[in-house]
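Each chain, written out:
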Amino acid sequence: MGNVLAASSGVEATTARSNSVAASLGMPEPSANSTEATGSSSSMSSELSDAAKDNTLDNPGTVEELHKKCKDVQAITFEGAKIMLNKGLSNHFQVSHTINMSSTVPSSYRFGATYVGTKQYSPTEAFPVLLGDIDPSGNLNANVIHQFSSRLRCKFASQIQDSKMLATQMSTDYRGNDFTASITLGNPSIFTNSGVIVGQYLQSVTQRIALGAEVAYQYGPNVPGRQIAIVSALGRYSTGDSIWSGTVGPSGLHLCYYQKASEQLQIGVEVETSLRMQESVATIAYQIDLPKADLVFKGSVDSNWHISGVLEKRLQPLPFTFALSGRMNHLKNNFKLGCGLIIG
Amino acid sequence: MVLSEGAKERLGVVVDLVQTTFHWGFVPMVLYLGFSKGAEPGMPPLSILSLLWQ
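Taken in sequence, the protein lines are chains A and B.
Numbering-wise (this note's numbering), the first sequence opens with residue 1 and increments by one.
Numbering-wise (this note's numbering), the second sequence opens with residue 1 and increments by one.
By construction, these hints were calculated from the structure, which means they are not laboratory data.
Errors might be hidden in some of the hints.
To be verified - In silico DSSO-like links for lysine-lysine, alpha-carbon gap of 30 Å or less:
(1) K164(A) - K8(B)
(2) K313(A) - K336(A)
(3) K71(A) - K336(A)
(4) K87(A) - K260(A)
(5) K87(A) - K332(A)
(6) K119(A) - K292(A)
(7) K119(A) - K69(A)
(8) K119(A) - K8(B)
(9) K37(B) - K87(A)
Modelling step: build the complete structure from the supplied sequences, incorporating the hints.
Written as structure tokens, this is what we have:
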């Protein structure tokens with residue numbers, strides 16, 4: 001999906017933001033292992049549920065989240081100064097003001113609004129979720145997520161820039177007992193007769209192994225031969241604290257390894273090979289959580305010699321979070337420093 | 001899908017209209033939904049100014 005939906009990567013980024021906003025509103029993202037969380041108190045019933053677990057398989061989560069654990073460990077850097085003000089007006093409503101100042105890109109202001117509905121399928125999530133953020137020149141990112149039943153969830157994401165639809169993405173996930181099927185429609189247009197359709201399927205094979213496939217079909221006048229389809233295979237092997245996940249297709253190979261080393265330390269390793277670009281990039285990343293110091297540090301180094309680190313510290317008892325970000329490359333001789341304050 | 005030129009033009013007008021409505025209406029709609037839900041019980045009522053400060 002990475003290649004064909006390259007244009008809508010911005011939408012994915014905003015979806016990621018939507019998840020983080022959802023989390024900040026006290027609604028953790030859908031967890032694949034939610035059935036595990038409903039543990040029982042007495043040892044008798046936990047034995048019974050263990051026995052039941054041996055026979056039943058859990059939902060493997062969506063294909064989109066296959067590499068999520070490993071990706072989450074990596075540092076996401078920013079440049080310049082950033083001030084963000086989050087205001088929760090009620091349990092269902094939150095607004096945010098963000099000011100970005102930088103020497104390379106023009107300074108910008110963004111206003112964001114989040115509304116969370118009252119329909120609940122689990123105590124931690126509520127739907128529909130509507131997220132919008134807009135800047136003074138009218139560039140809009142909009143996300144709508146709604147769960148129609150306990151198994152069916154629909155997402156819509158759109159990005160408008162300079163009064164043009166830059167990217168649109170509609171996706172539907174169906175979560176079965178031991179599988180998840182998704183279909184995504186990207187940038188559809190009946191005028192140029194173009195678009196992308198991605199179908200994804202992930203099936204739990206054993207308690208630890210999940211296997212799946214992805215078909216991406218792109219059509220349009222700019223596509224060589226007017227249409228192209230790419231099939232990839234994917235899999236994940238998870239044991240206790242470590243997860244291996246991989247995607248193999250004609251366009252390349254993507255392999256991730258995640259390890260939770262201790263309560264404080266998490267490590268992620270990623271290798272991404274693109275046959276089209278004839279290049280491979282490997283990344284080693286780690287995340288250190290120090291809850292007593294209210295501090296999270298993420299660091300990573302990749303095979304292009306990009307070294308990045310992001311430090312986030314909550315300034316208790318004030319409702320402030322201070323973020324410091326750095327990214328440097330000795331070979332290209334560049335350095336980017338970012339400094340941010342998140343209020344609320 | 002085969003569409004005649006005229007149909008395409010008329011459809012284009014409709015699509016443009018929907019897009020413009022969505023573009024400028026989405027954030028106000030989110031704000032409207034949030035305000036219509038109101039403040040939490042026991043909290044002071046919401047006003048337009050509470051978008052900026054308490």
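Hint check:
With a C-alpha separation of about 18 Å, the suggested pair K164(A) and K8(B) falls inside the 30 Å cut-off, and the hint holds. Taking the CA atoms of K313(A) and K336(A), the gap is about 20 Å. The hint holds against a cut of 30 Å. With a CA separation close to 21 Å, the supplied pair K71(A) and K336(A) stays within the 30 Å bound. Note on K87(A) and K260(A): the hinted pairing is violated, with a Cα-Cα distance of about 33 Å set against a maximum of 30 Å.
Of the pairs offered as hints, the one joining K87(A) and K332(A) is violated, with about 40 Å between alpha carbons and a cut-off of 30 Å exceeded. Pair hint K119(A) plus K292(A) does not hold up; C-alpha atoms about 35 Å apart against a cutoff of 30 Å. This hinted pair checks out: K119(A) and K69(A) have alpha carbons roughly 28 Å apart, not beyond 30 Å. The hinted pair formed by K119(A) and K8(B) fails the criterion: a straight-line CA distance of about 39 Å is larger than 30 Å.
Restraint check for K37(B) and K87(A): satisfied, since their Cα atoms lie roughly 16 Å apart, inside the 30 Å limit.
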